[in-house]
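*Asks:* Each chain is listed here by its residues.
Protein chains: 4
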Amino acid sequence: MEKIKGLINAPFTPFYENGEVNYEPIEAYAKLLANNGLKGVFINGSSGEGYMLTEDERIKLAERWMEVSPKDFKVIVHVGSTCVKMSNKLAAHAQEIGAWGIGAMASPFPKAGRVEELVKYCEEIACGAPALPFYFYHIPALSGVFLPMLPFLKAVDGRIPNFAGIKYTFESIYEYNQCRLYNNGKFDMLHGQDETILPALAMGGAQGGIGGTTNYNGRVLVEIIDAWEKGDLERARECQNFSQDVINVICNYRGNIVGGKRIMKLIGLDLGKNRTPFQNMTDAEEAAMKSELEAINFFERCNKF
Amino acid sequence: MEKIKGLINAPFTPFYENGEVNYEPIEAYAKLLANNGLKGVFINGSSGEGYMLTEDERIKLAERWMEVSPKDFKVIVHVGSTCVKMSNKLAAHAQEIGAWGIGAMASPFPKAGRVEELVKYCEEIACGAPALPFYFYHIPALSGVFLPMLPFLKAVDGRIPNFAGIKYTFESIYEYNQCRLYNNGKFDMLHGQDETILPALAMGGAQGGIGGTTNYNGRVLVEIIDAWEKGDLERARECQNFSQDVINVICNYRGNIVGGKRIMKLIGLDLGKNRTPFQNMTDAEEAAMKSELEAINFFERCNKF
Amino acid sequence: MEKIKGLINAPFTPFYENGEVNYEPIEAYAKLLANNGLKGVFINGSSGEGYMLTEDERIKLAERWMEVSPKDFKVIVHVGSTCVKMSNKLAAHAQEIGAWGIGAMASPFPKAGRVEELVKYCEEIACGAPALPFYFYHIPALSGVFLPMLPFLKAVDGRIPNFAGIKYTFESIYEYNQCRLYNNGKFDMLHGQDETILPALAMGGAQGGIGGTTNYNGRVLVEIIDAWEKGDLERARECQNFSQDVINVICNYRGNIVGGKRIMKLIGLDLGKNRTPFQNMTDAEEAAMKSELEAINFFERCNKF
Amino acid sequence: MEKIKGLINAPFTPFYENGEVNYEPIEAYAKLLANNGLKGVFINGSSGEGYMLTEDERIKLAERWMEVSPKDFKVIVHVGSTCVKMSNKLAAHAQEIGAWGIGAMASPFPKAGRVEELVKYCEEIACGAPALPFYFYHIPALSGVFLPMLPFLKAVDGRIPNFAGIKYTFESIYEYNQCRLYNNGKFDMLHGQDETILPALAMGGAQGGIGGTTNYNGRVLVEIIDAWEKGDLERARECQNFSQDVINVICNYRGNIVGGKRIMKLIGLDLGKNRTPFQNMTDAEEAAMKSELEAINFFERCNKF
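Protein chains in written order, with my numbering: chain A, 1 to 305; chain B, 1 to 305; chain C, 1 to 305; chain D, 1 to 305.
Watch out, some of these pointers could steer you wrong.
One copy or two, either will do: identical chains are not told apart, so a pair holds if it fits within one copy or between any two.
Straight line, CA to CA, 25 angstroms or less: simulated BS3-like cross-link-like pairs of lysine-lysine [unchecked claim]: (1) Lys5 - Lys154; (2) Lys74 - Lys60; (3) Lys230 - Lys304; (4) Lys120 - Lys273; (5) Lys273 - Lys89; (6) Lys5 - Lys186; (7) Lys74 - Lys89.
Hints are computed from structural coordinates only; laboratory data are not their basis.
Just chain A, same shape as in the assembly (with noise of 0.2 angstroms):
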């Protein structure tokens, strides 16, 4: 199966107002990522507020995204949801549209507590659409499912016709390192933490990777890999320190996908708010966070139009 090379972005959606999805900025949004070297889209995530959107919704997002993606950006569709029968569903709709690829989280609820009750909930949504490479999103502060990935991988080997690898979004590069040389590297091992390409790298991974600051701090993020690949290490190093300090900000305004999304307004894409139980920026959080960036010449780097 093809590897993914390059960072994918995990996409906010877009809300008007009254807490309907806005479908109008996604055209703009698409262009804006492949212009700052983003080489495709993982949507419906958890940067997506994926799981806050009823089915009908997802569906609309992911043809939208499907419609407004220039060619070779690739559309991956996250379908996970609490229930399998809907995500199968979702996975289904996602193979007819063309997406490029879909992926599940592990459920939150009832949380799975053994690897075999993972994988036959991967391999229920899979199966739905059995042309697609499927990513599971192993995102155990979100999820709550701490699972260890290596037997994992080794239950679907075999299993999961269509299983391409894993997006990792956890702190243990051993795990992710001993995921990655699983079966002479069949699975591809999507890096998941914008914190830490640098150090993914140099142990032998981070080819590929689904960001979620991204959206906002692509060309830095993307330039870690481009300096790495260059052997310029001073610059990798630096572009990571960056891509911290970023992320130090966010943290101060309940990460991501509350901060993050408000950045997207600042740098010009403006999209909204967040859906309950999420809770909303003030204004004054706004000017806070702005100030926190230009203290670090944020604009200056940012994604550009």
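Since chain A is already given, all that's left is putting chains B, C and D on it; use the hints.
*Replies:* Structure of chains B, C and D alone, referenced to chain A:
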């Protein structure tokens, strides 16, 4: 607001062998429950695999329970989900079809990290059915939301007009009692752990509750309350101890949702399988569970048609 | 083995302003406790900051409590530590000086991950005082060891000859009751949460317990048991509710070890400060706590000299 | 303050068959470590079962390591315990005998819940050895204290004069890097996870570290740093991957403290058993572990006399 007296049952959702919802057994199911002293049902909750159902299935299940339920049998619809927009719509539907009340557990994704987030989540759901009492379903072991309930009650008091109380499925009888006493007992604290009805009665609560093992052991659980009210402490203890014996058995078979659902087949009402990621019982497990139940003479005391 | 009836108190350890142990107040302390209905003391435990004391201090404290305790006042010495070798020695010392019994909580480092590890830990300590009853002190919120107690009892039964029972400081009245019923009630299940004595009595247990708020609120806690035995449920409830009011206050001041210890000063027995890493109360906090206690008329009902 | 370059080893504590400390092998042990490129030892820590030793044993071990260590071999004494008073005394002793430095992990009982509590804990220990550098040993998986390290560094900076840095045994290379960059790199961030030395080097750190598997796999781990410094990335990766292979094996045998200690016997330095509550390896387990190590050719690359 009226407080619930007696025990409400959280029913399982019947499935066909192919995994589709089976609406057929519900009429007999409602009758069985009413015959054995239960005062109503809390449908589409954790026992009902509500989070694993599609929106459409949840709607049809609510309609079916309304059609077949005896007069004065309370139908409370659990409408919680990770998508507040859908939950609000399910709440409105419950009101339209004349349900007695609604409820919602805390969303497992994203988890409310502060009381205010949880209040807003409940508020946006409860307002979908303004004429119905809304119950928050506190079950932190499943939802992962461990927020303190007394500050939560203080925050909803005066803010959510149809907030009725809490289905309290947690071990702290101290917190349960403090919530019960709050504002002169304003809120209805429904006890939600079948293994500790008696201790909660002693503390002054538990006159109303929602059970999961009431599906098959309702007569014994109802008798705990009856015996206590008659002052027969020894009988109440014997019944509570017996109910713990039953719970000891299901703990060996993946708990009430899996093991308990299979007991329904053993007492004569086959409700089929569980949805993924639950792992269904094998025939050998069923036989072993049956033996353990026979050893405590369960089939003599269980719910009867 | 004899089962304990009534309430044992877990005393605080008095310190001088310079942080050294102050053995002076212990004589008055023992008298105060006996005067207010307590049946003994469980020393050097969590309330006594036992883990923050040197071996030598623990030995001297045990000796002092033995010297000053009234006849028939049970002195139980907590000998648990992260070093089994030292705990075994402390156990032997307790036996030498004629203590009534010994106890140990699970070591917080390293945490026993399996029942067998915990059994071995207890075994190596208990054998240091073969003539004394050994109590396991189950307090998972502090020790971090959340192992199930029924399998633990099954494992120690017949293996640790002087194993007497468990001081059970956890919320599960279900597990508490199952342990109580095990092997025809062979083991002594000491109730260890002052906020739920009444519910545990109703379930059939709690005839003996070890309290922390008994230091200052012993009269009221003793009265719960007395009222229950006389069949005066309303009085028992009133006392239990009052004890929860008191606990509500100390929860605002870093709990019993810090806030509760300072209450001793307010009722006339200044025991000094807490050891690091506990953060001592300021004078302003003390005054605020005093006001909160006055508001519930605590000083009328507290322990009296 | 001088920053440590190269790898320090956390030695195991040798025990006789009867469970008493065996001071004999320490001379050969120190020589072995120095011969294989280690720069010193961090004694009486988690690998050394320091929390399971008596005060007297800890003192004698420190004295013995001082006596036998080669010139310029750094002896750092872990003095942490649940009793600050004892730790302070151990710190003073370490200074008296001329140790190079001291360290302490967060107390597992009671766990510091706020940064201030942890600072105070470190402060009261560090001041016992004012002439020695003090390292905080951050190992939340064992101590249970998950406080953020950047705020901790800010709080100790300017307050604890001999605070040198952190032995960082946690997965977050992001936090590690932020601590490393703090205040122009003022503090010494010792890397503490043998499985990720290379990624940390790439990020700009890991020039000094403290290892546990360095006891037997020190040559390979030292080579990671050497190869990186020479610009030989492929060799560095190969060594890091090999070190992960070794760690994969010990994970099957209860980790480094149990499994790793037994490897010492297999390479020719029998250090005896582990103290309770660790469960010692059986002969069958030892044989199985040996086979797994042979399968990766461990004995060709391990530390040599």
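*Asks:* Checking against the hints above, which ones are violated?
*Replies:* none
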